[in-house]
Amino acid sequence: MKNETPLLTKILEYIQRGITGFHTPGHQQGKGCGDKFRGLMQANSLQMDLTELPGLDNLKAAEGCIAESQRLAAQLFGAEKTHYLVNGSTVGIQAALLAINKPGEKVIIARNSHVSVVNGLVLSGGIPVLAPVEIENEWGFPLGISIENLRSVLKSNSEAAAVLLTNPEYRGTGIDIALAIKLIAESNHPLIVDEAHGTHLYFQEDIPLSAQKHTPDIVVHSAHKTLAALTQASMLHVNNKKWSNSIQFALDILQTTSPSYLLMASLDSVQEQMRVKGKEMVSKVIEIAQYFRKEIGQISGYRVYETDEKKGWYQDKTKVLVSAADLGLTGWELASLLLDRYGIAVEMSDYFYVLFIFHFGHDHKDVNKTIKAFIDIRQYNKMNALKPLDCAVFLFKQNYQPFISPREVFNSPKEFIPLKQAKDRIAGVALVTYPPGVPFVWPGDILRQEHLDYFEETKQTQIKIQGISASGMVSVITKG
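Using this note's numbering, you'd call the opening residue of the sequence shown number 468 and step up by one each time.
Note that these hints are calculated values from the structure, not bench results. Some clues are possibly wrong.
Calculated pairs, PhoX-like style, for lysine-lysine (alpha carbon to alpha carbon, straight line, at most 25 Å) [to be verified]: (1) Lys836 to Lys854; (2) Lys778 to Lys864; (3) Lys680 to Lys777; (4) Lys503 to Lys836; (5) Lys931 to Lys864.
Produce the entire structure from the sequences given, and follow the hints as far as they go.
Here's what the structure looks like:
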């Protein structure tokens with residue numbers, strides 16, 4: 468009989484395999500959720516899928532139980548106002564840009580920002596000033612904007628309407644965010660912080676710290692990534708009353724008029740869970756992750772990534788990057804072995820490494836299972852260490868700017884042409900590696916030879932690029 472529910476079938480297959488996951492969402496199939504919420508979901512999840520009924524309030528005009536829950540969340544995070552988001556952090560970033568950035572105004576943005584920033588600028592009409600970021604050459608990923616680069620770009624763009632920073636980067640690297648916020652405040656620029664991957668940092672005191680500790684204008688948190696909310700459930704914290712009304716208007720435009728009560732209930736659970744025992748829970752996660760980091764680092768054939776704090780970079784301790792390059796294994800091969808032979812799923816894999824994310828639902832049993840798998844995997848040693856891969860990270864360090872803005876690109880006529888013919892044409896769409904959803908070509912960028920060379924190189928890898936069709940066609944602005 469034909470399978471009429473392909474997605475449901477695959478989800479069921481995954482659950483039945485009993486996979487040990489080190490990936491988002493942070494609740495780890497419910498293990499990390501608050502007791503009350505987990506119990507309700509197990510017994511009454513379908514009954515909980517409700518709407519704006521009497522007594523259940525309305526997210527668009529909250530004045531009852533939703534308003535009270537948001538007030539408690541704001542109190543927890545030290546915010547002037549906290550908004551619940553049911554369209555992910557994406558809608559928070561886009562709402563912040565729409566609220567703060569007027570058409571034609573510049574916004575200072577690091578080149579490794581999420582694709583939601585690109586789309587937010589389509590909405591706001593803002594002009595991106597793309598700041599080059601530092602890169603990790605051997606491991607092959609962008610670290611983020613350095614304090615030195617930030618200082619320079621602030622000085623040369625004093626007229627910019629806002630700054631948007633990511634803290635931390637997807638893989639956990641971050642700068643001294645307190646110093647960055649101080650520099651931006653001194654330059655009198657409003658600051659939006661995309662802290663989608665760092666909500667948990669608010670409940671610990673190590674660097675990288677949570678930006679919310681220093682209350683910049685706007686902070687966006689994905690409560691589902693590193694806390695125990697359901698996927699898409701996020702928060703936007705307003706710390707400057709100046710933006711209260713415009714943020715509310717922007718969210719009214721962008722958020723669905725049918726918000727999921729399951730998502731909002733999970734956010735309510737999170738604010739209670741983290742208020743009662745947030746620091747204790749995060750401390751336990753860090754302890755388990757540090758144990759894993761130490762044990763893997765002592766097994767011959769593996770390397771664990773460590774940031775260079777002397778150069779101003781810091782690592783979120785709940786995120787651990789492991790390389791088997793010395794065994795001749797790519798990150799993709801390592802991830803496949805872990806999943807197929809040992810039932811262990813990582814957050815992501817790349818040429819040189821795999822990424823583990825530790826959450827509330829993990830324990831030493833999970834870690835010891837994984838350590839044993841790493842010991843066993845050494846039998847697949849290819850004897851020859853991996854050679855470095857010339858990857859796209861160097862593109863993030865380039866200091867060129869888009870030829871036209873994202874909104875202009877959106878409104879311009881476009882055509883699809885073979886990638887090989889695209890040199891010196893203006894990109895009609897963002898070209899994005901996913902995960903983590905960071906564009907290395909922005910819409911409006913001029914496609915250069917180094918882009919085409921990289922695209923050719925990726926054909927021999929498992930790197931997936933959104934924006935290029937399976938037949939090798941790419942969208943460009945029509946000439947004339």
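The hints, checked one at a time:
1. Lys836 to Lys854: Not OK: Lys836 and Lys854 at ~30 Å, beyond 25 Å, violated.
2. Lys778 to Lys864: It holds: about 17 Å lies between the C-alpha atoms, which stays within 25 Å.
3. Lys680 to Lys777: Holds: Lys680 and Lys777 sit about 23 Å apart, inside 25 Å.
4. Lys503 to Lys836: violated (29 Å)
5. Lys931 to Lys864: Holds: Lys931 and Lys864 sit about 21 Å apart, inside 25 Å.
In summary, the structure is inconsistent with hints 1 and 4 from the numbered list given earlier, while agreeing with the others.
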